[in-house]
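S.K.: Protein chains in written order, with full-length UniProt numbering: chain A, 1 to 341; chain B, 1 to 341; chain C, 1 to 341; chain D, 1 to 341; chain E, 1 to 341; chain F, 1 to 341.
Derived from the structure by calculation, the hints contain no laboratory data.
Predicted model only: the values in this text are computed from it and were never measured.
Mixed in with the good hints there might be a few duds.
One copy or two, either will do: identical chains are not told apart, so a pair holds if it fits within one copy or between any two.
For lysine-lysine, the following DSS-like pairs were computed, each having C-alpha atoms within a straight-line distance of at most 27 Å [unchecked claim]:
(1) K340 - K163
(2) K340 - K191
(3) K253 - K28
(4) K340 - K181
(5) K165 - K340
(6) K28 - K227
(7) K340 - K28
Protein chains: 6
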Amino acid sequence: MADSKKNTGTIVTFGEVLMRLSPSENRKLVQADTMDFYFGGTEMNVATSLSNFGLSTRHVTNVSDDLVGDAAVAAMRKYGIDVSAVNRVDHPLGLYFLEVGASIRPSRIAYNRLHGAFANIDPDVVDWDKILEGCTYFHWTGITPAISENAYKTLKNALNLAKKKGITITADPAYRSNLWKYGKDGHEILKELVSSSTIFIGGVNEINEILGTDYPFEEDGFIEASKRLIEECPSIEKVFDKVRTGLSASWQKIYGRAWTGKQYITTEEIEVASVVDRIGTGDAYAAGLIYGLQHFDDEKALRFANAACGLKHTILGDVNLASVEEVLEVMEGNTGGRIKR
Amino acid sequence: MADSKKNTGTIVTFGEVLMRLSPSENRKLVQADTMDFYFGGTEMNVATSLSNFGLSTRHVTNVSDDLVGDAAVAAMRKYGIDVSAVNRVDHPLGLYFLEVGASIRPSRIAYNRLHGAFANIDPDVVDWDKILEGCTYFHWTGITPAISENAYKTLKNALNLAKKKGITITADPAYRSNLWKYGKDGHEILKELVSSSTIFIGGVNEINEILGTDYPFEEDGFIEASKRLIEECPSIEKVFDKVRTGLSASWQKIYGRAWTGKQYITTEEIEVASVVDRIGTGDAYAAGLIYGLQHFDDEKALRFANAACGLKHTILGDVNLASVEEVLEVMEGNTGGRIKR
Amino acid sequence: MADSKKNTGTIVTFGEVLMRLSPSENRKLVQADTMDFYFGGTEMNVATSLSNFGLSTRHVTNVSDDLVGDAAVAAMRKYGIDVSAVNRVDHPLGLYFLEVGASIRPSRIAYNRLHGAFANIDPDVVDWDKILEGCTYFHWTGITPAISENAYKTLKNALNLAKKKGITITADPAYRSNLWKYGKDGHEILKELVSSSTIFIGGVNEINEILGTDYPFEEDGFIEASKRLIEECPSIEKVFDKVRTGLSASWQKIYGRAWTGKQYITTEEIEVASVVDRIGTGDAYAAGLIYGLQHFDDEKALRFANAACGLKHTILGDVNLASVEEVLEVMEGNTGGRIKR
Amino acid sequence: MADSKKNTGTIVTFGEVLMRLSPSENRKLVQADTMDFYFGGTEMNVATSLSNFGLSTRHVTNVSDDLVGDAAVAAMRKYGIDVSAVNRVDHPLGLYFLEVGASIRPSRIAYNRLHGAFANIDPDVVDWDKILEGCTYFHWTGITPAISENAYKTLKNALNLAKKKGITITADPAYRSNLWKYGKDGHEILKELVSSSTIFIGGVNEINEILGTDYPFEEDGFIEASKRLIEECPSIEKVFDKVRTGLSASWQKIYGRAWTGKQYITTEEIEVASVVDRIGTGDAYAAGLIYGLQHFDDEKALRFANAACGLKHTILGDVNLASVEEVLEVMEGNTGGRIKR
Amino acid sequence: MADSKKNTGTIVTFGEVLMRLSPSENRKLVQADTMDFYFGGTEMNVATSLSNFGLSTRHVTNVSDDLVGDAAVAAMRKYGIDVSAVNRVDHPLGLYFLEVGASIRPSRIAYNRLHGAFANIDPDVVDWDKILEGCTYFHWTGITPAISENAYKTLKNALNLAKKKGITITADPAYRSNLWKYGKDGHEILKELVSSSTIFIGGVNEINEILGTDYPFEEDGFIEASKRLIEECPSIEKVFDKVRTGLSASWQKIYGRAWTGKQYITTEEIEVASVVDRIGTGDAYAAGLIYGLQHFDDEKALRFANAACGLKHTILGDVNLASVEEVLEVMEGNTGGRIKR
Amino acid sequence: MADSKKNTGTIVTFGEVLMRLSPSENRKLVQADTMDFYFGGTEMNVATSLSNFGLSTRHVTNVSDDLVGDAAVAAMRKYGIDVSAVNRVDHPLGLYFLEVGASIRPSRIAYNRLHGAFANIDPDVVDWDKILEGCTYFHWTGITPAISENAYKTLKNALNLAKKKGITITADPAYRSNLWKYGKDGHEILKELVSSSTIFIGGVNEINEILGTDYPFEEDGFIEASKRLIEECPSIEKVFDKVRTGLSASWQKIYGRAWTGKQYITTEEIEVASVVDRIGTGDAYAAGLIYGLQHFDDEKALRFANAACGLKHTILGDVNLASVEEVLEVMEGNTGGRIKR
């Protein structure tokens, strides 16, 4: 693993760290008196998974300058993330409440983040020049610019500099309609940011949102949409998507598909029949993809990403704690549950 | 929701409140040292679910005049049930122990209720005249008259008065052979009580028990049994049944069927593949039905009841805490487990 | 208890409901992965305790229109508080994190409340005319006007109307320097609000803060300060104080003292050597005092308040769940820990 | 330890086994959703402690023939008690709820036992001839005859036979006024049963209750009361008492005193400043005494009993799990809390 | 059940007792701060299950002479195992850590046993003459001789004597390649030990390992392998196997097959779709088989063993706590999860 | 805090990391089914506390190459310790079981460490040259050389090099008689190692053990012993001791005393009346001392160390998580338990 660190440089992620609070055992909040908690957030989830794969990572964020922020920093350090670019500020850490669904009952989330530490990030305080030293990959998602104008601007600065430095930029630009409260058009901003990025993690829905198009979901639609995206945002080289079929909250199927710029590739479907935790499965996919792109060809990278995504469904919390070896096993179809002694 | 309260009057329920005690995580009692507990009881479960749907409810019962009774009253209040007709007496609250099964292992229950607060209810103390003020629906089940002669007499008083007042009486008259210890013939008494009721919640088994008939389980049998029931108990207007297929303790399928007095109706089947808690699913059905009858036509009411029943399988404890919106979603087939943010 | 409800009318309280989140067993957050939670808030704590004493209470507040708000409302209902004046809004519920200290280590708190549901209360939405129907006591604290200008204005409206209606107004106007972020002078506003109130719950520190005076802590100082307060705010009739000596976070002593307008009275000191939870002990005192003023003479009221405060140190969470009987026992000196069978 | 088993024969105890249910961490039931549970009961507590001291014990009782009874039997077996004389019956196991007090708040108990498995014991089913084989000590308490007439009769049979066989009979005949519901005079029955016993475990209060006398609590009163007891019940040879001073529920002091038939003896006082669990401390004393009488002279036996009682205050649950070595350490004054590595 | 004890004599088992430590709810160790623990070990698991079926069992082992060993002994006593042949030694108890997998993620185990109490067993200390008194069945597995040379020698002594006494010897001789660290050839030793045994519990893999053969997995291969085994180890009378299909860690199918010396028999397949705990399912099979061989013909014995194995998948911990009645129900196909009231 | 890191260089610690396993709430293991766990070990505890004070630390150790070792590394990273010198080996991590005492009952410990990862450390693998780069303080304790000869040799290498480099070496050389199983004379070895050290953390007992002397405990004895130590081991400059009075396991008093080479200094006594956790209090003292020596004069350093030690008694687990600010507050006598908002 030390070797891979040397070869691959540092992956920098930027985004909000949230505390997740959740009653145990599928309870509704109204019938609980304790909650489990975890720290996560889509970009930190990616960093954690990559760090757990043995890569060097650095997460850039604001956390509160109180006992909650102390615990958030400790959670990042615990998984080996470099926290030297974490800033402490006098605003509370964002958080969300999760009632974990089961079977035909969906999970429900309530957020408390819009006036938090990250929303109040100051673009002038984040020293991207220093942070991006030694960085080979930079990862961002559509959540960050949706939180606040300051978050958007800070991200913009990062992308500009990263592009200049020739860093590979992975974008997971999902559009979340219940954010974007600060008066800007999310679609437009996302398109602007994607135009600085290298790898697009998303599919037909995300492309349609950003381009204002209307491609159908099926294979042809995906290919056409990908081509159009690359046409409009020519820095994008490849489009990696995952397709999920939800039989219920506890039973999900996923497979990966991609447009590599040259061809359409796809993976076998993985079935997860007793889901433990669905949060962060998309981030596990993104992390798997980044690892894959650094170590494998596109097809194997896509399969690695899909397997990582599948495994995350079996792990509590927001972050994928599966090792490279575990992902490879699932990727090779060893999903029968033989005990590892 | 305030509106629905105005329109629909108060639903009065009458029956025992039990404490349920259960080792966590499928443990057997012998391997546990803590237990989760919940307050429930078939009729209180109905009241809770209706209250949670935004309706006005009042539960009539006896609870112990000790710290356990305090907690029982608080549990009812918590969910918005009017507790003004709850009487405190110097007998312990009934309770039961539940070992939660899984897959091919059934759940096991041990009761401690026969000398409890509710069994000792005094018919002369319950002032039905006052309690039934503003009441539009009265709900009872076959458990209550099976507990003690006093419970039976108190229920009889209620039905007599409710009938006189034109209140809709919903009956869930399942015959429990392990109760009925006080020397009366349960079948006879149930028939007597059904003869004062309006809506029959039950199917072929329940009708056969009460009438001493032998109708087969299939559709025709159900229709014939329903017609015969209405013939013998002419106050009954409609018969609502649910049909359950248990693949295992963790995997159940249910659908609803009904004889509306004029026609046979039925619903799609709902499959719950990772059951969280099976207790109280019948009560969720009854509550769903009562809500449905107040707000929808018979067919939609039946579908609402079936969806409510399905959702309860995903909720811990005895009571259905799903909202009207959540039930409607399941009723419309949205069971794929998409997270609600 | 039904009798006391009739005699004493309804006590209305107004203030923020907070979720408290706390790692169990004295853990620091950084070493925990679950937290216990409770709903409280200084004015709701008073309402809960009074409700638990058998009195009629109504709490006025805003809570979030999400699953957290659902649980907050349920918590109030559970203890019998009338929630008809609770408004649901699209802002998150305020909350705080508590690391429970022990012995020589103090408890630490981190707040997340300044942009929450209560801070966003709309004075025009709260219909005091309706809310104060049947009200005999109105209770407020210095936290409320410190949260936001809207909260202050809403409180001001309440006091104006309550005064007009001749309602007894109890004020617990502690000055919290880490609030008051909206640009007003807290001392001035508190003085204005105290000038509409009847009973002052506080001592030399609180009076000095409000009047800008400098009275010493000792008995004479307290008497002089009280007289001066009544001079400057003539609606105030009596001043009730409690004096705490903290040997450690786990070992506290308290006694009560008061200026009744005519004389200085004081109580025996109560010693709590194994503190379970210090939060809300001041609110337990306020609730004990209100109960006492309704049922006893000033001296017994003061002793009841002091005993209630002492007992709260032995109860987990923010609210005092001791009954009138339990408080009377402590008040009579029965603190030897004999088991109640 | 094998040796002591050989030397001392079997100690037979007879009495109800209760499940104790208790919210954790001093919670009131109304604020909990889980409870810890333990099996105990005054006589089983004595058997457990003696078994833990390495002696041979047999407990005679009825438990329910359900999953709760299974767990009760397992709990006795776990600590090495011979369960061959435990009968399974179709009545629920008795139980009690405990809210654990702290500091100035006393613990509260609610019982559910009067119609349970033990109350329904059948004197004709208990084969004392077989049970008392190899028995050298028989222990009973005042709880047993207070539960039901059947329990009383079964005990009476035991005492008659034990006396005939020359077995040492230890009596802990506390009078519990909230039992004795079956129409007999408890004082009279206790006197009758004490008249068959050898060792009286109790003090002035117990003697006054039984004899209808009025001796004062102090040393002289104790000596006079003891002498009078032996006069009226000449089978009694010695009287062993413990004296408790409760500073609070969390802070207790105890010492032992005895009238050996010839002289008054007493022990140093043990102070327990952070009580973990007060339930069963009297039973720990009784067990310590029985062990002591078998292995030491009267004075050392009394000191051993007092130290065992003290240690029990530091152990969760109803039963004393301290070893002989641990009791001897406390008896020798090593109470400074040095870690045993 | 008392009857069956009389008829069947004592079953003696010999092997290591391990503490299992496992984070709750599928957590990885790195994200937990508590662990559940259980005592088990393949041979003790068999003893526990048989004891739970009402048979007389005695387990022979070494446990540590410290607080962990105390708890291990208590765990055996709890389930009714005779612990008179458990020796206490000054080495730590073996233990293992288990991360419970789910769905496509396998469980992971880390052991700490190679220098533990059992590995240090002294063949000269174990008095087999005394231990095998009244013994009709002796059970061993391939784990024991793999732990240490001393364990192997002690087992060898047992088998020699048991064979001489005509005791039925059941062998579960799975070869574990990650043990066998003390320099002996495991295959050879297992063959030697099987040559003293009566019943072979295992299938094609186990036979191939022991004989160095290469039979295919299918029915014919199994039959041929069984015949060959009996040829080479003529004391073996019958071969009982179970066949598992793992759809995932949470979804397993099993059926039994056997060569009775005369014919090939097989069972229906049991499907467990929501596995609670896979550890010890093989031991549940072995115990079911031993019970079956004592009470039924071979075919019913095999079906009982298979049903016992299936049920164990639904029970937490290492040991099968299902009763004979529960196993019979599953064996008869009642797996639909109807609640047992 | 960044500043202090720059000024003070890195503190290197060397020693075993242990997993501590402990039933919650003072339970004995035999009555528990879950345990809390923590990672610690005397030298890692020092590193953690120093890291928490904001200093740069590096811990040198072996941990197991399995899931337990993963969690151990994560625990060190979490608190900010540099883990680059942690080696992964194929031996299990050492661990210990702790039953937490209370009041008059002492805590009990059972170890499992003698064949663990650290005992098997290979002196040739540890590259001290690289590890001690940038190191200003090196800390060792008497545990390490007592574990195994390899551990001793590895430590010896470190001390030789550290001395050569002029690194300040702090020694906490307590003699543990229950270790030292590998055949060397512990007293001699400790003396040899102390002879390379700079600061002696210990008192009369430790000096007597090492020198074979017999100084009395009192002030004069301490001074004479210190002088003699410096005479015999002239690299030692100062001797820092703490004096503990244990009123009970839950009530402790401590003060510090030192011989600075020139004078005797001492501190006020700190009283901790409700001890949460006594483990690691000595390590908290050592860490406090090291911080103090880097930032204050000797007297203030001693007071800081004593306050840090006192605070650790209030924190769960092995490591002191108090901040510099918290220690300073206790040092200044603010121990009354006022809540920090």
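S.K.: Next, verify each hint and record whether it holds.
M.R.: Evaluation of the provided hints:
1. Taking the shortest Cα distances, K340 and K163 never come within 27 Å of each other, neither inside one copy (44 Å) nor across copies (36 Å).
2. In this assembly of identical chains, the alpha carbons of K340 and K191 lie at most 27 Å apart only when taken from different copies (26 Å versus 46 Å within one copy).
3. Taking the shortest alpha-carbon separations for K253 and K28, both the intra-copy value of 26 Å and the inter-copy value of 23 Å come in at or below 27 Å.
4. When the C-alpha separation of K340 and K181 is checked against a cutoff of 27 Å, the pair qualifies only between copies, where the shortest distance is 19 Å, while the shortest distance within a copy is 48 Å.
5. Neither within a single protomer nor between protomers do K165 and K340 lie at most 27 Å apart by alpha-carbon distance, with minima of 44 Å and 39 Å respectively.
6. For the homomeric pair K28 and K227, neither the shortest alpha-carbon distance inside one copy (44 Å) nor that between copies (41 Å) is at most 27 Å.
7. Taking CA atoms no more than 27 Å apart as the test, K340 paired with K28 passes between copies only; the shortest distance there is 14 Å, against 34 Å inside one copy.
Checked against the numbered hints given earlier, this structure breaks hints 1, 5, 6; the rest are met.
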